[in-house]
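Novice: Below are the chains, spelled out letter by letter.
Protein chains: 2
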Amino acid sequence: MSKLLAVGTVAFDAIETPFGKTDKILGGSGTFVGLAASQFGVKTGVVSVVGGDFPQSYLDMMEEKGIDTTGIEIVKDGKTFFWSGKYHNDMNSRDTLVTELNVLETFTPVVPEEFKDAPVVMLGNLHPLTQASVLDQMNERPKLVVLDTMNFWMDIALNDLHEVLKRIDVITINDEEARQLSGEYSLVNAAKKIHEMGPKYVVIKKGEHGALLFNEENMFFAPALPLAEVFDPTGAGDTFAGGFCGYIARTEDYSFENMKNAIIYGSNLASFCVEKFGTERMEELSKEEVQTRLHAFKQLTQFDIELV
Amino acid sequence: MSKLLAVGTVAFDAIETPFGKTDKILGGSGTFVGLAASQFGVKTGVVSVVGGDFPQSYLDMMEEKGIDTTGIEIVKDGKTFFWSGKYHNDMNSRDTLVTELNVLETFTPVVPEEFKDAPVVMLGNLHPLTQASVLDQMNERPKLVVLDTMNFWMDIALNDLHEVLKRIDVITINDEEARQLSGEYSLVNAAKKIHEMGPKYVVIKKGEHGALLFNEENMFFAPALPLAEVFDPTGAGDTFAGGFCGYIARTEDYSFENMKNAIIYGSNLASFCVEKFGTERMEELSKEEVQTRLHAFKQLTQFDIELV
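Chain order of the listed sequences is D and P. Going by UniProt numbering, the first residue of the first sequence is number 1, and it counts up by one from there. Going by UniProt numbering, the first residue of the second sequence is number 1, and it counts up by one from there.
Hints are computed from structural coordinates only; laboratory data are not their basis. Some clues are possibly wrong.
Identical copies look the same in the list; a pair holds intra-copy or inter-copy alike.
Said to hold, decoys possible - Derived SDA-like pairs (lysine to any residue); straight-line CA-CA distance at most 20 Å:
(1) 276 with 106
(2) 298 with 216
(3) 206 with 226
(4) 3 with 64
(5) 24 with 215
(6) 192 with 20
(7) 143 with 56
(8) 76 with 96
(9) 192 with 296
(10) 276 with 188
Please construct the entire structure, taking both the sequences and the accompanying hints into account.
Specialist: Next comes the structure, spelled out in structure tokens:
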């Protein structure tokens, strides 16, 4: 069975949307990546940290889904990372209400022995030095390293970010962040500049407007499935990345052609994630539902043009 | 040869973008629709009005492209409709600097005898009563009526707009206007509401984010081709609509499946339109360029997914 190593947060989220609000529920980039990857039957190890307040039942759920949680450190006298946010009516923008780093503040990821040979590594949105330290622990250079980052790290740790970018294959980043990182407004030009920083593959996430995959002169686009209702966008980007990595790990094919399928799978899974609060939809998601929606993605995008 | 009747403006535009500015150049929805449709070798008649200040050379150019200009009334002692706008740095928003309606103020479209049996009719963005008067002049109900409109008419002539919507097949509208017309934020729900107003087909234009085609439970998405530089977005929406109508008129196939191709063709032509100021790029566009870019659209969107 192929292996996927994912480093990211395992957290509590409290979310408010126009449809309702939650108390503290399960969240975190590592959690969403793991749940998405679990769809592909790959051995996924999540490296993260939680506090003594983190329910064993959440860890049990993850293990049941086939996620290896031995890399999730439990700091008994610490508190789990907590984020709270409120989405605006358009669901595209949100205000962060609370960020309590807690145990994340001193997090030093330790890669379990069993995952030091994972061919696919997903470096979730953390400090670039933390991301680099995961790569340092691998037995050999993984076949594919995927990195997610955000504007916050560009603001406070740009040099460290540039260093780790030289060591990765795929960057996933949203459109505004791609513009900030590259200084280019056009996403085509932004991708070119980011290629020069290291990553051979650049995935630009545009939320409800889909995602673009760039590889030198090649370009591919996966739309987001238009939905009647977006209930809670939290975790959609991480689910997208987890679907991408899970599909690549399962197929062990690192070509551009196969990455097209991977971002379609990522978009597909993300379209489920937003249908309920937090991880709820991803926990109950069946293979049949995924296949049915994959068919919808084909209907949405495939054409057989008549030249005239 | 199949016929297309297009009613719309033939105008002077003065445009300012971050790349430069123009004096009064050729513009107008009817012009862009006609130029796009001319790619398909259909007999396209444009119904519009210009003033005595409108150069004969522009009319000659249109005739050379195969556009029938007998429906363009020339008001000798009047002035041609003039619009001037300035695009912001992101090219997605613009300020209107000048709107001089001039001869458009009293425009009553007269459909030439030769086009009263056109199977495809494109009602460009004009007052809904003006659009309806074109339909009144047709010998019989055309096979396909496409209507473009904007928020302005929703604000000042909503009842008239609702009346004409009952008489058409396809509405093309941008995302914000679809939301305004339907009162629904989700574009899926907006399309449903608009279906109920009459149009069996709803095309929602999202500018650089592509276009969605809805028909009851069916949905198709055409991306906009990501470009390194968007030079001048003026006319892109009309070029999209002209490509859509031209393709349908040429193929005489009014099915949803064929409309998929039509919106891909529309997106394709629009991607050229924005590369130069005004109509310049569309005037010089070759069939070979169109075919090459059609291949790029396929590369951008087509995948052959492995189920796992």
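Novice: State for each hint whether it applies.
Specialist: Tested hints:
1. Proximity of residue 276 and residue 106 under a CA criterion of 20 Å is satisfied in neither setting, with 32 Å inside one chain copy and 54 Å between copies.
2. In this homomeric assembly, residue 298 and residue 216 come within 20 Å of each other (Cα to Cα) only across copies, at 17 Å, whereas the closest approach inside a single copy is 25 Å.
3. For the identical chains of this complex, residue 206 and residue 226 are neighbours both inside a copy (13 Å) and across copies (13 Å), given an alpha-carbon limit of 20 Å.
4. Only within a single protomer do residue 3 and residue 64 lie at most 20 Å apart by alpha-carbon distance; the minimum there is 17 Å, versus 63 Å between protomers.
5. In this homomeric assembly, residue 24 and residue 215 never come within 20 Å of each other (Cα to Cα): the closest approach is 40 Å inside a single copy and 41 Å across copies.
6. In the homo-oligomer, the alpha carbons of residue 192 and residue 20 never lie at most 20 Å apart, since the shortest distance is 41 Å inside one protomer and 25 Å across protomers.
7. Taking the shortest alpha-carbon separations for residue 143 and residue 56, neither the intra-copy value of 33 Å nor the inter-copy value of 64 Å comes in at or below 20 Å.
8. With identical chains, the CA atoms of residue 76 and residue 96 are never at most 20 Å apart, being 27 Å at best within one copy and 62 Å at best between copies.
9. Within a single copy, residue 192 and residue 296 get their C-alpha atoms only as close as 32 Å, which misses the 20 Å cut-off; across copies the closest is 18 Å, which meets it.
10. Taking the closest pair of Cα atoms, residue 276 and residue 188 come within 20 Å of each other only across two copies (18 Å); inside a single copy the shortest separation is 33 Å, beyond that limit.
When the structure is compared with the earlier hints, violations turn up for hints 1, 5, 6, 7 and 8 and for no others.
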